[in-house]
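Colleague: Sequence:
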Amino acid sequence: MRLSKWEMGLGTHYSFPPETVAAVLYDNSNVNPKTVFITLYWWKRYDKEFAMESRWHWHPDTIRSKLFKCCGQLAERKADKIVFDHFEEGQSQTFLAGIDCVHFEWQEGRTDPGSRWYSHKSNGPGLSYEVCVDAVKDRIVWTNGPFPAATHDITIFRGGTKKNGPATWHKSSLFHKMIVEKRLVDDSGYAGEPDKVSITLAGHLPQTKELFTRIKSRGESLFRAYKRLNIMGRVPFQHKGEQRGGSEELGSEFWRNSGRNSCSVPFSGIFGPGVAGLIF
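Every letter in the sequence shown is one number past the one before it in the working numbering, and letter 20, counting from 1, is 20.
Keep in mind that the hints were calculated from the coordinates and are not lab data.
The reader is advised that the hints may include incorrect statements.
Unchecked claim - Pairs of lysine-lysine residues, derived as DSSO-like cross-links and limited to a Cα-Cα distance of at most 30 angstroms, are as follows:
hint : residue 1 : residue 2
1    : Lys177    : Lys162
2    : Lys121    : Lys209
3    : Lys163    : Lys216
4    : Lys182    : Lys78
5    : Lys48     : Lys34
6    : Lys162    : Lys182
7    : Lys78     : Lys44
8    : Lys196    : Lys163
9    : Lys137    : Lys66
10   : Lys34     : Lys227
11   : Lys171    : Lys182
12   : Lys227    : Lys163
13   : Lys78     : Lys121
14   : Lys137    : Lys48
15   : Lys163    : Lys78
16   : Lys69     : Lys44
17   : Lys34     : Lys44
18   : Lys137    : Lys182
19   : Lys177    : Lys81
20   : Lys66     : Lys171
21   : Lys163    : Lys81
22   : Lys209    : Lys78
23   : Lys48     : Lys182
24   : Lys196    : Lys227
25   : Lys44     : Lys66
26   : Lys209    : Lys177
27   : Lys78     : Lys227
28   : Lys209    : Lys162
29   : Lys34     : Lys177
30   : Lys163    : Lys137
31   : Lys66     : Lys121
32   : Lys162    : Lys121
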């Protein structure tokens with residue numbers, strides 16, 4: 001589909017197509033439309049207050065608090081939008097969703113330094129988030145995090161380490177929410193739980209391998225979309241004080257219901273577990 005110049009311009013400044021923004025505004029009438037646009041611009045550009053003042057004509061001492069308020073208003077809908085349930089009915093669907101962890105670059109905390117923050121993907125400090133994308137419908141069904149980037153994917157899935165045993169694993173982990181006889185799909189990092197997560201094996205039929213590849217590619221497409229936003233770690237961290245906490249329970253939810261992917265986006269080092277359901 002060929003986009004108009006207006007649609008391309010909107011995507012360049014805000015990362016989202018017009019139907020996405022329209023659906024969010026329609027679904028959240030309590031949020032000021034101008035504030036929503038400024039928040040989207042902030043996610044995309046991650047400019048400093050003085051740079052945003054010249055564009056939006058809001059005082060630099062108050063603009064950040066307004067942005068965080070907007071994020072909080074959108075975050076109130078997370079429980080309604082990101083649910084590990086409502087999978088395709090009337091269909092023999094053994095594989096519910098793809099699961100994977102995505103890393104975002106972060107500035108290592110000065111009060112808690114250590115190797116556990118090291119990300120092998122960026123060769124520096126980072127945070128890891130666990131995300132599941134429905135295998136059939138275009139929606140995010142689970143997000144969890146942030147965790148230190150060195151935490152193994154399967155440890156996050158289980159909610160604890162194999163050494164300590166299942167009795168110590170957190171009941172809030174995805175391991176304890178899995179449906180009987182249903183599975184997730186990902187790579188060899190989840191090989192330790194064959195009853196709950198399937199990985200591609202050499203003996204699989206070509207059709208099975210193709211199915212797994214398609215399921216996993218949905219998550220990879222989502223992660224690429226995450227990282228188009230400068231706030232995800234592409235530019236240096238610009239916050240200070242209590243806003244700096246990477247594991248704070250601050251978040252935002254942004255979504256749409258117009259037929260495209262609904263994605264939950266965690267902001268690197270800024271927001272907490274279920275940060276934004278962004279649809280690209």
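Colleague: Take the C-alpha atoms of Lys171 and Lys182, compute the straight-line distance between them, and say whether it is at most 30 angstroms.
Modeller: The given pair, whose Cα atoms are some 18 angstroms apart, holds under the 30 angstroms limit.
Colleague: Quick one, are Lys34 and Lys227 close enough, alpha carbons at most 30 angstroms?
Modeller: holds, 24 angstroms
Colleague: Would the hint linking Lys66 and Lys121 be met if the CA-CA limit is 30 angstroms?
Modeller: violated, 34 angstroms
Colleague: Would the hint linking Lys34 and Lys44 be met if the CA-CA limit is 30 angstroms?
Modeller: holds, 15 angstroms
Colleague: Mind checking the alpha carbons of Lys177 and Lys162 for me, to see if they're no more than 30 angstroms apart?
Modeller: holds, 18 angstroms
Colleague: Mind checking the alpha carbons of Lys209 and Lys78 for me, to see if they're no more than 30 angstroms apart?
Modeller: violated, 33 angstroms
Colleague: Against the 30 angstroms threshold, does the CA-CA distance of Lys177 and Lys81 hold or violate the hint?
Modeller: holds, 17 angstroms
Colleague: Is the Cα-Cα distance between Lys69 and Lys44 30 angstroms or less?
Modeller: Holds - the C-alpha atoms of Lys44 and Lys69 are around 17 angstroms apart, at most 30 angstroms.
Colleague: Need the status of pair Lys196, Lys227: alpha-carbon distance at most 30 angstroms?
Modeller: holds, 29 angstroms
Colleague: Is the Cα-Cα distance between Lys162 and Lys121 30 angstroms or less?
Modeller: Holds. Lys162 to Lys121 sits at ~24 angstroms (cutoff 30 angstroms).
Colleague: Quick one, are Lys48 and Lys34 close enough, alpha carbons at most 30 angstroms?
Modeller: Answer holds: Lys48 to Lys34 is near 18 angstroms, not above 30 angstroms.
Colleague: When you check the alpha-carbon spacing of Lys121 and Lys209, does it fall within 30 angstroms?
Modeller: holds, 25 angstroms
In terms of the numbered hints stated before, the structure departs from hints 9, 12, 14, 15, 20, 21, 22, 23, 29, 30, 31, listed from lowest to highest.
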